[in-house]
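Got chain A; can you put chain B on it based on the hints?
Listed below are the residues making up each chain.
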Amino acid sequence: MSLPTSALGAGEPASPRGVGGAAGDVEAFGVGGEASRAGGSGGGIRGAGPDGSGGLAGTLGRGSGGAGRGLGARGPGARGFVGRRFGGLGALGALGVPQWIALGFLVLLVVAAVVPWLLAPGDPLAIAPAEAFRPPGWGHPFGTDESGRDIYTRVVHGTGASLVIGVAATAIGVALALVLGVAAALGGRVVDFGVSRFLEVLFAFPGLLLALLVITVYGPGIVTSTIAVGLATAPGYARIIRAQTRSVASSAYVEAAVVLGRSRGRILGRHILPNAIAPVFVLVTLGVGQAIVWAAALSYLGLGAEPPAAEWGAMLFAGKNYVATAWWMTFFPGLAIVLSAAAATVLGRALQRRGPR
Amino acid sequence: MRLVGAVFVLWAAATLTFFGLRLIPGDPAQAILGGPGSQASAEALAQVRAEYGLDQPIGVQYVAQLGRLATGDLGTSYSLKSPVADIIGSQIGGTLLLAALALLVAWVIALGLAVWSTRGGRVAAAVGSTLEIVAAAVPHFWLATVLVLIFSTALRWFPAVSTAGPEGLVLPVLTLALPLAGFLGQVMRESVLNALEAPFTLSARARGESETGVRWRHVLRHGALPGVALSGWAFGWLISGAVVVETVFARPGLGRTLLNAVQLRDVPLVVGVVLVVALGYVLMTLATDAATRLVDPRARFS
Numbered sequence: 001m002s003l004p005t006s007a008l009g010a011g012e013p014a015s016p017r018g019v020g021g022a023a024g025d026v027e028a029f030g031v032g033g034e035a036s037r038a039g040g041s042g043g044g045i046r047g048a049g050p051d052g053s054g055g056l057a058g059t060l061g062r063g064s065g066g067a068g069r070g071l072g073a074r075g076p077g078a079r080g081f082v083g084r085r086f087g088g089l090g091a092l093g094a095l096g097v098p099q100w101i102a103l104g105f106l107v108l109l110v111v112a113a114v115v116p117w118l119l120a121p122g123d124p125l126a127i128a129p130a131e132a133f134r135p136p137g138w139g140h141p142f143g144t145d146e147s148g149r150d151i152y153t154r155v156v157h158g159t160g161a162s163l164v165i166g167v168a169a170t171a172i173g174v175a176l177a178l179v180l181g182v183a184a185a186l187g188g189r190v191v192d193f194g195v196s197r198f199l200e201v202l203f204a205f206p207g208l209l210l211a212l213l214v215i216t217v218y219g220p221g222i223v224t225s226t227i228a229v230g231l232a233t234a235p236g237y238a239r240i241i242r243a244q245t246r247s248v249a250s251s252a253y254v255e256a257a258v259v260l261g262r263s264r265g266r267i268l269g270r271h272i273l274p275n276a277i278a279p280v281f282v283l284v285t286l287g288v289g290q291a292i293v294w295a296a297a298l299s300y301l302g303l304g305a306e307p308p309a310a311e312w313g314a315m316l317f318a319g320k321n322y323v324a325t326a327w328w329m330t331f332f333p334g335l336a337i338v339l340s341a342a343a344a345t346v347l348g349r350a351l352q353r354r355g356p357r
Numbered sequence: 001m002r003l004v005g006a007v008f009v010l011w012a013a014a015t016l017t018f019f020g021l022r023l024i025p026g027d028p029a030q031a032i033l034g035g036p037g038s039q040a041s042a043e044a045l046a047q048v049r050a051e052y053g054l055d056q057p058i059g060v061q062y063v064a065q066l067g068r069l070a071t072g073d074l075g076t077s078y079s080l081k082s083p084v085a086d087i088i089g090s091q092i093g094g095t096l097l098l099a100a101l102a103l104l105v106a107w108v109i110a111l112g113l114a115v116w117s118t119r120g121g122r123v124a125a126a127v128g129s130t131l132e133i134v135a136a137a138v139p140h141f142w143l144a145t146v147l148v149l150i151f152s153t154a155l156r157w158f159p160a161v162s163t164a165g166p167e168g169l170v171l172p173v174l175t176l177a178l179p180l181a182g183f184l185g186q187v188m189r190e191s192v193l194n195a196l197e198a199p200f201t202l203s204a205r206a207r208g209e210s211e212t213g214v215r216w217r218h219v220l221r222h223g224a225l226p227g228v229a230l231s232g233w234a235f236g237w238l239i240s241g242a243v244v245v246e247t248v249f250a251r252p253g254l255g256r257t258l259l260n261a262v263q264l265r266d267v268p269l270v271v272g273v274v275l276v277v278a279l280g281y282v283l284m285t286l287a288t289d290a291a292t293r294l295v296d297p298r299a300r301f302s
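So the protein sequences, as listed, match chains A and B.
The numbering used here puts the first residue of the first sequence at 1, with every later residue one more than the last.
The numbering used here puts the first residue of the second sequence at 1, with every later residue one more than the last.
It should be emphasised that the hints constitute simulated quantities derived from the structure, not laboratory data.
As the structure is a prediction and not an experimental result, all values here were calculated from the model.
The C-beta atom is built at its ideal place from N, Cα and C for all residues, glycine as well.
Wrong hints could be hidden among the right ones.
[Said to hold, decoys possible] Here are the in silico distance ranges between beta carbons for each label pair:
1. V4/B with V190/A: 13 to 23 Å
2. G194/A with Q61/B: 16 to 26 Å
3. V4/B with G221/A: 34 to 44 Å
4. S129/B with V111/A: 25 to 35 Å
Bound conformation, chain A alone (with noise of 0.2 Å):
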């Protein structure tokens, strides 16, 4: 793996080559600089935001410089722009009483994935054909299922599932992304024209019908609906990394390792990588929200989890052909997803804001 030269124009301490390289990056940062949440908001699941801008012709500049800044790169802009909001508070102290509220929600959705009969002692498959159809009331706080199944215990049974697809889906698509973006950004010109083309390409089949391209070629399941909510999201993140490794790597402190006379490997392991990586947390939690939403609508159209499974996607499944007459058993689960989704949305862009410690 080599370094792009113009980033790295040795013992030129300010390359033209390598300003003119990085335009895109600095006009970016114009834009971004005033308000990184403009960056931020584009660093959505499929790369919406400015960045959707790049679409065909891939002008990578003006888009993924925009999201590469909003999600807070290291350096001295960085620096200035953090501590003048936050006055380096520490973490918790940054939090406000939405991202309070999302914290507590996941503590109880983790406490819920790994104990569950702490908060829901009965068994989520246990069948009581008397009691079907039970709207919520004492007894049944979120109703019953056609086959008399408590919702509530299902739905705080389903929890470990829904979670562990949604972190190995984001697991799977992160690190798809993390080797395509760091090849495409230090990997050279040809390297990078490949990956850059081939994510375009990808870029054209939106959303779920990448996910669904995958089902139809290894057929439905839960594992395969994970492995493919993994592969939908994979282009998003890599172009994100990709625009976050070259700012990194044509970046003041990088090049002043360079005069420094560093070697190669030592600032690709202590300086570009680091630094590039740091934002990737941020997508990944992000992310989990998202991929558990994902997850769900693959399970919602039969794709995924089969029911009588306690999994969330799955009892919307199931519920799907009641929603006239017993709308608890789809309305429960599928809130139970969205704040899900909103907890880790709130907390995901509170970390954004912050920037990477």
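Below, chain B alone, put in the same frame as chain A:
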């Protein structure tokens, strides 16, 4: 140059799907004859292979496939036994109508919110962050359920199952439009905020223009810009949303056709739909590039 890029993307998409589908475990001829359970005879398999060109070397198959695609021939559906192009042709109208209306509604909501919510104050700030959450966290399938419960089951204003008339379109369009409005509104809001701090706004105010004048004459254009740029992405997003929405509202269209095809593992139909959507995405991106140049004079010089 952009056209070359567009053609490249289409070619690569076709290539990627062609070779990607070679990964399918099992024999395609078997799949055509109804899957592994069908116990097709060796003669029947051989006949199908010859008929679909599956006995040719893969390179020949690939070139033949590209040749067919170039002439608009997307192959024959395994499950429906009719040309994929015809099936798509008969289903695409409803989905395009749905997507176009949803895009329009999302645009109106997003732009209105962006201009209104940047006047400052607590409520406006809350609107900004709510948009973010709505866009990211409210899935179509759940929103559709809630809308049906409110407007169909409780209020009885609109049918829960999409009917042919305009009233049957309201809930599907809203389901698709609201999360998209959240996304667009969020992005537009940021660009309106940036525009409000730009020097040209200051000079317009210095000329004595009213707040409304500043907003509608100068700032709105900037607010609309990212919305225009994102419309290509939004198109693809709407089509993939249509898979869910058409299923929920039992509405015929491309999305439901695609879902059925995925469930039956009808490879030619799935690939056909995906390639048509990719074509749509590419065309939309070209169109939004052109539109951006129209709205933003700066883009013409870069």
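Okay, the hints, checked on the actual structure:
{"no.": "1", "hint": "V4/B with V190/A: 13 to 23 Å", "result": "holds (19 Å)"}
{"no.": "2", "hint": "G194/A with Q61/B: 16 to 26 Å", "result": "holds (25 Å)"}
{"no.": "3", "hint": "V4/B with G221/A: 34 to 44 Å", "result": "holds (40 Å)"}
{"no.": "4", "hint": "S129/B with V111/A: 25 to 35 Å", "result": "holds (26 Å)"}
Figure legend: structure checked against the earlier numbered hints; every hint is met.
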